[in-house]
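Protein chains: 2
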Amino acid sequence: MENNEIKQAVLIKAAAAKEASLLLNSVTARQKNDMLAAMADALEKNAKEILFHNEIDVEAAKNAGLSPVLIDRLTLNQSRVDAMIRGVKDVAALPDPVGTLAEDLKSPVKDLDVKKIRVPLGVIMMIYEARPNVTVDAAALCLKAGNAVILKGGSEALNSNKFLSKIISEAGVKAGMPAGAVQLIDTSDRTAVSELLKLDKYVDLVIPRGSEELVNSIRKNSLIPVLSHGKGLCHTYADIDANLDMAVKIAIDAKCRRPAVCNAMEALLVHKDIAPQILPKLCELYTEAGVEIRGCKITSSLAKNVIPASEEDYNTEYHDLKISMKVVNSLEEAITHINKYGSHHSDAIITENKENADRFLAQVDSSAVFVNASTRLHDGSVFGLGCEIGISTQKLHARGAMGLKELTTTKYIVHGKGNVRE
Amino acid sequence: MENNEIKQAVLIKAAAAKEASLLLNSVTARQKNDMLAAMADALEKNAKEILFHNEIDVEAAKNAGLSPVLIDRLTLNQSRVDAMIRGVKDVAALPDPVGTLAEDLKSPVKDLDVKKIRVPLGVIMMIYEARPNVTVDAAALCLKAGNAVILKGGSEALNSNKFLSKIISEAGVKAGMPAGAVQLIDTSDRTAVSELLKLDKYVDLVIPRGSEELVNSIRKNSLIPVLSHGKGLCHTYADIDANLDMAVKIAIDAKCRRPAVCNAMEALLVHKDIAPQILPKLCELYTEAGVEIRGCKITSSLAKNVIPASEEDYNTEYHDLKISMKVVNSLEEAITHINKYGSHHSDAIITENKENADRFLAQVDSSAVFVNASTRLHDGSVFGLGCEIGISTQKLHARGAMGLKELTTTKYIVHGKGNVRE
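Just so you know, the sequences run in chain order A and B. Number 674 marks the last residue of the first sequence (the numbering used here); no jumps. Number 674 marks the last residue of the second sequence (the numbering used here); no jumps.
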């Protein structure tokens with residue numbers, strides 16, 4: 253398509269999404285659940301065709317020489333399709349945030365009844381990379397919160413995403429969903445996204461999921477507010493009063509299980525008084541687990557296989573089986589280090605000392621702060637939100653694990669009896 | 253100052269504010285109230301000097317030929333200083349939002365206690381125009397919510413602002429406030445603001461108060477999230493089932509009392525079946541009150557002194573004794589008109605019909621929607637927030653009247669007993 257055609261196509265989609273979102277304002281929870289059930293049904297009935305369309309993407313990715321990791325993320329199979337279907341049903345089962353009371357207000361004005369209630373945000377644009385299941389997840393979550401959604405997946409998954417969005421959108425519409433409530437940007441041309449990011453008249457929120465580069469470029473170029481996942485440079489601090497066995501157990505869990513996820517630990521700080529007791533054994537376990545250790549001088553003097561850590565190491569989110577380590581003189585030094593080098597995502601203290609725990613909780617400026625638990629537990633489901641749209645490291649609107657509520661906004665509803673100001 | 257000097261000076265202030273904000277994380281409500289009391293005291297003791305410094309600004313403004321309206325906004329007198337002092341005391345008396353429970357969470361994981369609590373945002377930058385009292389108001393509100401603040405007032409008020417910020421900052425520090433918690437950008441050079449807007453590492457939020465141009469230019473140029481007051485193109489719709497006397501009373505209040513404020517009505521929509529009963533009298537009252545009427549053809553046919561309304565009129569926030577009017581065929585037409593032309597600020601329906609009221613409340617996409625009340629009631633104090641930082645027309649973080657809570661963010665606080673993910 254020519255640039256002008258793409259601009260036109262994108263504008264039409266955005267306007268249709270806005271129109272759909274205004275109709276979704278009056279849709280009941282029951283109606284939305286019926287739409288979601290119809291989507292789950294359609295996925296079930298079309299499983300074979302989904303796999304067929306996905307295979308075209310996978311073949312092309314192989315021919316283009318994409319990495320095995322990327323190809324794995326791109327690939328669907330029956331069990332992954334089943335997981336998508338379960339996902340949609342799980343979303344339908346969640347309580348509807350729309351219409352719930354956000355704040356109970358007492359107006360000092362006689363006969364004026366003021367309520368702040370949750371309402372849909374409007375139109376949400378989701379930008380994501382290879383995984384085709386996000387197409388279905390995101391559509392279900394946005395719809396449940398009463399929003400229209402514009403989906404923009406990765407170019408590698410375009411065939412899969414086209415088919416998935418087509419069947420869920422058609423099924424939804426048959427069950428009463430306004431046309432335009434679920435739409436896909438079906439081109440890989442970059443003009444489409446850069447045009448959409450200008451349409452703040454139609455789109456209320458952009459949620460980018462993917463690499464730091466992707467997110468930063470969207471933040472920079474968007475006129476629409478962005479709700480982004482930042483990086484996760486997470487710390488664990490083993491305090492002077494730590495339970496040593498617990499510290500080792502948590503340090504292993506937080507680093508080794510899934511090093512590539514955002515809530516994995518990247519750096520371990522250890523109080524100097526317990527360093528001699530904990531570091532030799534822990535570093536041995538790390539080395540056995542294949543973890544590369546970058547440590548300060550004291551770490552090196554206490555344990556084997558320690559590579560000297562540079563300033564850059566403390567600033568790095570490895571996303572890998574690597575860890576930076578530092579022995580600190582005090583709780584204060586640990587807090588200062590975390591606030592300076594961390595990404596304000598998830599940080600933990602291991603201590604039996606309540607006063608130290610409270611000081612850490614108050615002074616570490618992160619979206620989630622843990623006492624005697626692994627940062628890996630930062631997750632919407634673990635936190636009781638029922639689902640997770642992502643983890644925000646920004647401070648406005650949503651911070652930390654985000655659930656359905658974060659896909660809504662609020663509205664003041666005021667009933668009077670002819671009240672005027674003066 | 254040279255550009256480089258300004259950049260350097262701004263960077264130092266921003267870093268100092270960040271440092272102060274980290275210390276403010278552990279300050280109690282009692283300590284903050286002591287700081288506010290000390291500020292109120294200092295204002296009281298220095299009232300004469302405040303007026304002296306303000307007079308320099310007022311003289312300069314007169315010599316520069318500024319409009320009487322602007323000069324009035326700039327001018328302080330004893331009663332305005334008294335109001336500032338009362339304002340600070342009122343803020344001290346408000347409940348502290350910091351540390352309150354934002355969400356009660358039930359983790360499905362055994363022995364994991366998850367709480368979402370309110371914490372300060374960090375560093376807030378306030379950008380505002382002539383009124384010097386905003387310097388004191390904003391500092392008090394930001395401090396009460398545990399934030400450091402960087403103040404940037406209008407150049408006309410620079411002398412007043414310098415003195416006001418100096419005395420409240422010094423008084424606060426004497427009472428235990430971290431240095432750097434209240435700072436003023438004491439230059440009118442534009443480099444200062446454009447540099448600050450890049451410092452997202454240090455500043456968490458920018459709140460611009462002023463003209464649409466000021467706000468838009470900040471939105472466009474800021475790397476820091478912006479919480480802005482948009483314009484207020486507010487509607488009142490007199491429904492087929494309106495109480496006619498009430499409709500007239502509200503239409504007069506919403507338009508005539510203070511036409512220049514953002515929650516004043518700009519447009520009146522009237523159902524065709526009641527137009528003949530209401531418009532002749534209402535338009536007469538408007539004309540008596542000096543209101544210029546821009547109406548549709550039916551309005552013209554029913555009332556005197558009606559200028560034909562253009563498309564542009566329906567898009568205009570007059571901020572003045574002018575009103576656009578339209579006779580509509582249905583509730584649906586009114587809702588569509590409001591969503592199309594309105595600014596999503598405050599809109600009202602006058603009706604005795606509950607079904608119509610509910611449809612209006614659900615479908616009008618505005619920050620506050622009123623039934624049988626004047627849009628002029630959209631106000632933090634009227635809504636029971638105890639104060640008002642402003643009225644947001646954006647959907648993220650805060651929508652509509654904003655209180656102290658909107659100057660905070662949240663943090664997950666998680667207590668475990670050695671919990672790991674797997």
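Quick caveat, the hints were computed from the structure, so don't treat them as lab data. Owing to the predicted nature of the structure, the values given are computational and were not obtained by experimental measurement. Keep in mind that the hints are not guaranteed to be accurate.
[What the hints assert, rightly or not] Keeping only pairs whose Cα atoms sit at most 30 angstroms apart, straight-line, the calculated DSSO-like set for lysine-lysine is:
1) A/K592 / B/K574
2) B/K472 / A/K472
3) B/K574 / B/K556
4) A/K501 / A/K472
5) B/K453 / A/K657
6) A/K657 / B/K592
7) B/K592 / A/K270
8) B/K362 / A/K483
Quick rundown of the hints versus the structure:
As the CA atoms of A/K592 and B/K574 are separated by approximately 54 angstroms, the hinted pair breaks the 30 angstroms bound. Distance hint between B/K472 and A/K472 is fulfilled; the C-alpha atoms sit about 10 angstroms from each other, no more than 30 angstroms. For a cut-off of 30 angstroms, the pair hint linking B/K574 to B/K556 stands: about 15 angstroms separates their Cα positions. The straight-line distance between the Cα atoms of A/K501 and A/K472 is roughly 40 angstroms, outside the 30 angstroms bound, and the hint therefore fails.
The straight-line distance between the Cα atoms of B/K453 and A/K657 is roughly 27 angstroms, inside the 30 angstroms bound, and the hint therefore holds. Using a Cα cut-off of 30 angstroms, the hinted pair A/K657 and B/K592 holds, with the two alpha carbons roughly 27 angstroms apart. Of the supplied pair hints, the one linking B/K592 and A/K270 holds, its CA atoms being roughly 11 angstroms apart against a limit of 30 angstroms. Straight-line distance between C-alpha atoms of B/K362 and A/K483 comes to about 28 angstroms, which keeps the hinted pair within the 30 angstroms bound.
The structure fails hints 1, 4 (numbered hints given earlier, in ascending order).
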